[in-house]
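Residue numbers (this note's numbering), protein chains in the order written: chain P, 1 to 304; chain H, 1 to 488.
Hints are computed from structural coordinates only; laboratory data are not their basis.
Accuracy of the hints is not assured; some may be wrong.
Simulated coverage check for chain P against chain H, where a stretch passes if three residues somewhere in it have a Cβ under 8 Å from a Cβ of chain H [claimed, not checked]: (1) 10-24; (2) 50-64; (3) 216-224.
Bear in mind that the values here come from a model prediction, so they are computed numbers and not experimental data.
C-beta atoms are modelled at their ideal positions from N, C-alpha and C, and glycine is treated no differently.
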Amino acid sequence: MRAPPQQGRFADGRLHLHDGPIDLIIEAFGETSAVEAAYVAAWRRFTSVLDELCAELPLLRADPSAGSPAPLGPVARRMAAAVAPFRARRFLTPMAAVAGAVAEEVLEAMTSGRQLTRAYVNNGGDVALHLGPGETFSIGMVDRPDRPSLFGRATIGAADRVRGVATSGWRGRSFSLGVADAVTVLATSAALADAAATLIANAVDIAGHPAIERAPACDLDPQSDLGERRVTVAVGPLTPGEIERALASGAAEAELWRGAGLIEAAALRLGEGTRLVGAGASPYKGCVRTVLPRNVAKGRHAVG
Amino acid sequence: MTEADDKIRCDACPVLCYIRPGMTGACDRYANQDGQLVRVDPHVLLDHAVSEGGKVVPFVNAEGLWSGDILNTPGPFVTAVGAGTTYPDYKPAPFIVSSKADGVDMVTVVTEGIYSYCGVKLKIDTDRHLGAECATVRAQGEPVGHVTTGEYGSQMLSLGGVNHLTHGGKKEGRVTCETLLDLCNGKSVELVVDGGASVIVQAGKTPIINGKFEERMRVGCGSATIGMFAKQWGDKVDEVVVVDDHITGVLSEHQAGKLLGMRETGIKMKGRRSTPGRYFHVAEPGTSWGGTNISDPLDIIAGFNPKVAWSGMTMLMVSTTGEQYAFYRLGEDLRPVEAELPETLRESVERISENCEPALCSVLFMAGAGGSLRAGVTENPVRLTRSVRQALTTVTAGGAPVIVWPGGGITFMVDVTLLPENSFGYVPTPAIVAPIEFTLRLDDYAALGGHVDEVRPLDEVVAQHAKRPNNVFASGAVARAADARRKA
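Next comes chain H alone, as it looks inside the complex:
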């Protein structure tokens, strides 16, 4: 809403400030830039060596110098959190900061990227079946992603991406953006898989599946569990079945049981035998025993060979997390009859659960630093890409290390819990706003066509930000960027 005198009314919070051009609102987070409402949080300077989980520590060490080493030394590091952006980036990035280190001028180009090409890779530590591969994942009823591969002790979901953000309906784009933003900023989100489970996920927290906390991550697949605990079982029980939707293990047939000289039991499993003692597909996937749909473990046993099995034979059935277990003794008719778990076995069952790591959700933000963002860094964007490839330029997001994908473009992934709190924002496009920093030697920066005229010493940036906050915006980088534009 623009008033006659260029005041704008900010609707980011109920204070509803009228903000004059070049000024910030009451929060110092939003400002009026040439009639546009933009976010201008003060720079977050963080000390990697000291901070854990994005804790922010005081400004500037005694010398006021930055060693230039991003990740391994204490000292302030300028991040792009709140740097603002100049999208579309025909203007230089908001903050191009240099600092002297060992006689080498280092440059950090910091900006907040606006990513239409972005999404979240979600790893949910659980054995439970969340839904079929490729099944649609919904938030607030809107499709925001899909179930992708099952991985070690976990189920992967892929959310966002340009198709959900821009190709679906307007509501789909908005809900996708909101879901990504909440996940990246460490908030909890409820997701429902078509034909599958409902999960509440939050970065670094325990997943809640169909209303139940998933406490443990499996110790291994059923076969691995057999291998790990065979010695503890060998002389205490005749048969052990570790129930697992992926690979169910059977001790007496397993290589580990053979090595211990265990007697054959004549057990006949359902499903498909892969190698001795390892069975696939013993039941349908579900949210019960070992990620199967069974509530009675005997459902996965077809029977016992009367020529081999014997009356009084003992059998332990246990899930891959040790959460479920049952102990049986075969009767005269060779049918298993449930009995109390002997003390000697209880310990091994407890050890399975003890060896399970806590189940967590992890969120990796994935985005591509496309052409226009790169133009904020250099006049020759492809050279920045090449420089990153040649490892002359280090890429970080909010100071956190990123994985840059090989191949074209600068597509990176970052663990959202390593960024300072609430580092992510959004624009109604819809797209996610996230910090990104490129750090390189000043001479390399000049060589790749960098905006060398815009480079400002670190102490100057810190000093400008130390001024009265209401003036920061007017006297700071945006005014500078505007000057640069006028010159151009």
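Isolated chain P (complex conformation):
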């Protein structure tokens, strides 16, 4: 039986929307009437998102080739557009941007035609941001959802171009080809950040390492868009040197996409090792930094 979409409010007022595999945590700031209207708009838009996506699922899971039709749904079009610039060099299906695209779509429904000072839609760690003039968001980065502690922090201001944050890693819900605990990417849109985080996390890797256990994606999920590709199932102990090598490989990937103008900054985390890309460059100098771990995070990201 298809369970209908659900909406709920946390005690602190945040909105929670759920449908099938999608869970959104939403918060808007501004005049109460505008905030409440934005929550209503979010719910209205959300109720049909999953059905729209599922109507085109086979197309979205496929490796788009010349001549394959363009998807029709608004979220699906966001997904296809987000992965397109990466596809010249890497294998990526539109599904790599699904979480970010859903977050963006719902955020747009909330912000269009109304004044909000700030708002975010957090789709399981892939976050779309709205920032009014002079506003900022402070984002905590968490590498292990099972042991939530902040390994880094990013402050995003209205003047920055960043409007999307996404995290990928083998411990997360989606499959990863790499061994990164977490790769957090800041980009101009959540869908771009989502796709880039997937690729950079894939690149944090050491080929053929015996402590890394992998399995064909299709053995774990028959419908995975990754097919026979071997995804990470477990990561044994790595030496500091190996961690450094894996992070360097990921950082090179991040630099590639930053050079292409597709991402703004990235933070890569493996074990106790952290690498920042783009964090020292203007205008992001100092906006992304590492912090000592603290037990304060609420989910994949603490946003506030």
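Chain H: place on chain P using the hints.
Below, chain H alone, put in the same frame as chain P:
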């Protein structure tokens, strides 16, 4: 739908995942257990001291220890939300968790119970008549319960129960299950009472009766209202009638009016006089003034005794919520003529409504933890019941405190708004799936024949759940339960 290689297709959402045995679908909520589709939400660990209204807070404090005290200390508490169940429970409950506290090993046995014996007690704050006692309550046209007693400022409905779930038609069972599930998960449900009102109810929300929001709960019955406001009326008006379908109050006759030395007015009320100044059954029940069916309050007055009443006498009539009021002056013929409410009285009318609490719907889930569920906790089920009776075992539902009924069995009630969001589920039997936890000392657990071999330290459960979610199911409790079964 089982494929040749034991994949099953989940139809819980339109993604329609094919799920291999021991794996979860894209949502991590549904999994394939030995060819069966089951729900396996990750455990919800919640911190009672911090959470209000079921807010979920982060995992595990710095020490990773649980103090063992369920309700009064901060720190994580393992709830059964999403624990899954092993019904029929010849297998140990999915999660039997222990944690060290002050040198005493505590055990929490968590499971999701499947309750065929369950229902909802619904309290709707309203004076309005929703229907006669025992009248059938319907959802989607199907009988799902009945109107039960009228209580203080509220009307009680009793929904569900084993008869509606299993003894009626197939559709009746399905609709009953759906209604209970929606109410328990905090969703709104429309109910129609045979020969009565249509109400939209939602736990913790304002009831909507015949399309109108019920804003206020009455300040008291008519007689109580007289008692509360007599002093404010005594020197400003000659007579006050507080219109109430249950007990209408008349100030001049009421003890409170007598104490204030109020003059007799010769008012003759309809209905039956109970004690001085208190009248029953002044009209028929309805959805108007004070829960009566009248739209003109004068309909409840039979007349005035010409030997006592006087021309120019003033009278205020007001409902128990202050929502309706009218002010009258008696003419030469001793007939009341409506006049504008004087400012001096307006304040008292406003004070009645100000003193009304907001009207709400409250939903208590009631269920019996029957024999087979208890067997998931101990090999000797009746000992668990006795242990609960002796208060050695604490019962909670999704971490929320429950009221355990005295008498046989473990029949409990819980306020659904105290459980984490969407804690309830269903199976097509039809029956409701709800979390239940039994917490007791490890030695008491052993003494009652508990599955001591299955006890796992809290940090181990948390750690296993922290693993890659797609492996949680395979490496977690169900695999363990399956192992136990093979051993057995």
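For each hint, the structure was consulted:
1. 10-24: holds (count 8)
2. 50-64: holds (count 4)
3. 216-224: holds (count 5)
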